[in-house]
Amino acid sequence: QKEVEQNSGPLSVPEGAIASLNCTYSDRGSQSFFWYRQYSGKSPELIMSIYSNGDKEDGRFTAQLNKASQYVSLLIRDSQPSDSATYLCAVNIYNQGGKLIFGQGTELSVKP
Amino acid sequence: DTEVTQTPKHLVMGMTNKKSLKCEQHMGHRAMYWYKQKAKKPPELMFVYSYEKLSINESVPSRFSPECPNSSLLNLHLHALQPEDSALYLCASSQDREGSDTQYFGPGTRLTVL
Chain A
226 QKEVEQNSGP
236 LSVPEGAIAS
246 LNCTYSDRGS
256 QSFFWYRQYS
266 GKSPELIMSI
276 YSNGDKEDGR
286 FTAQLNKASQ
296 YVSLLIRDSQ
306 PSDSATYLCA
316 VNIYNQGGKL
326 IFGQGTELSV
336 KP
Chain B
22 DTEVTQTPKH
32 LVMGMTNKKS
42 LKCEQHMGHR
52 AMYWYKQKAK
62 KPPELMFVYS
72 YEKLSINESV
82 PSRFSPECPN
92 SSLLNLHLHA
102 LQPEDSALYL
112 CASSQDREGS
122 DTQYFGPGTR
132 LTVL
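Protein chains in written order, with the numbering used here: chain A, 226 to 337; chain B, 22 to 135.
Simulated from the structure, these hints should not be mistaken for lab results. Don't take every hint at face value.
Calculated cross-link-like contacts (lysine-lysine; reagent style DSSO-like; alpha-carbon spacing at most 27 Å) [unchecked claim]:
(1) B:Lys40 x B:Lys62
(2) A:Lys267 x B:Lys59
(3) A:Lys281 x B:Lys59
(4) B:Lys74 x A:Lys336
(5) A:Lys324 x B:Lys43
(6) B:Lys57 x A:Lys324
(7) A:Lys267 x B:Lys62
(8) A:Lys292 x B:Lys30
(9) A:Lys292 x B:Lys43
(10) A:Lys267 x B:Lys57
(11) B:Lys61 x A:Lys267
(12) B:Lys74 x B:Lys43
(13) A:Lys267 x B:Lys43
(14) A:Lys336 x B:Lys30
(15) B:Lys43 x A:Lys336
(16) B:Lys40 x A:Lys281
(17) A:Lys336 x B:Lys61
Chain B is faced by these chain A residues, among others (derived, beta-carbon under 8 Å) [unchecked claim]:
(18) Ser268
(19) Pro269
(20) Asn291
Backbone N, C-alpha and C fix where the C-beta goes; we use that ideal spot for every residue, glycine too.
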């Protein structure tokens with residue numbers, strides 16, 4: 226079982242819709258969770274970080290964490306074509322020296 | 022300001038060349054990282070420096086040699102690379118290497134080995 230798994234893409238949504246990106250992780254020692262956005266040919270850009278159970282909202286983005294279910298998600302409301310990118314879920318595990326474990330990424334396409 | 026800078030943006034080198042990648046941050050971060058990313062794959066950790074000391078080496082071949090001259094600078098020295106080493110090389114930094122610290126990535130160096 227992979228340590229961090231993301232729903233396989235590509236995910237296609239119409240402009241204005243809600244995009245839902247999911248991520249599960251296997252290590253219960255995981256303590257911090259990150260969503261990065263990566264445009265083709267560019268470097269990862271931090272979208273959200275979340276550390277405790279519940280929801281965290283920032284503009285059109287909402288991260289949700291459920292440690293009991295080992296599940297973290299990212300919702301993008303009012304999706305725009307500029308949101309088209311690969312979204313990487315990353316998990317930091319306690320006592321691993323800062324090592325981030327990445328999922329394989331989900332490619333999102335927002336159609337006008 | 023969460024800026025990490027990397028030079029050069031692009032690098033083409035032959036298998037016998039020696040070159041260096043540079044990374045700089047002025048956020049006062051004490052942990053710095055090198056990642057390698059191939060197309061359609063997530064970043065793979067190569068090295069971690071914490072307080073200017075190498076703390077993690079993910080079994081990287083010796084043709085890659087990291088160096089941390091001071092808390093703001095991180096270098097990656099390249100020698101006798103192979104074509105399969107062609108990739109996007111990313112530098113990142115964080116406040117510390119504790120689990121809760123966010124890593125911020127630089128723009129990367131696109132390396133092509135001929």
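State the violated hints by number, sorted upward, taking the hints as numbered earlier in the document. 3, 4, 8, 9, 14, 15, 16 and 20
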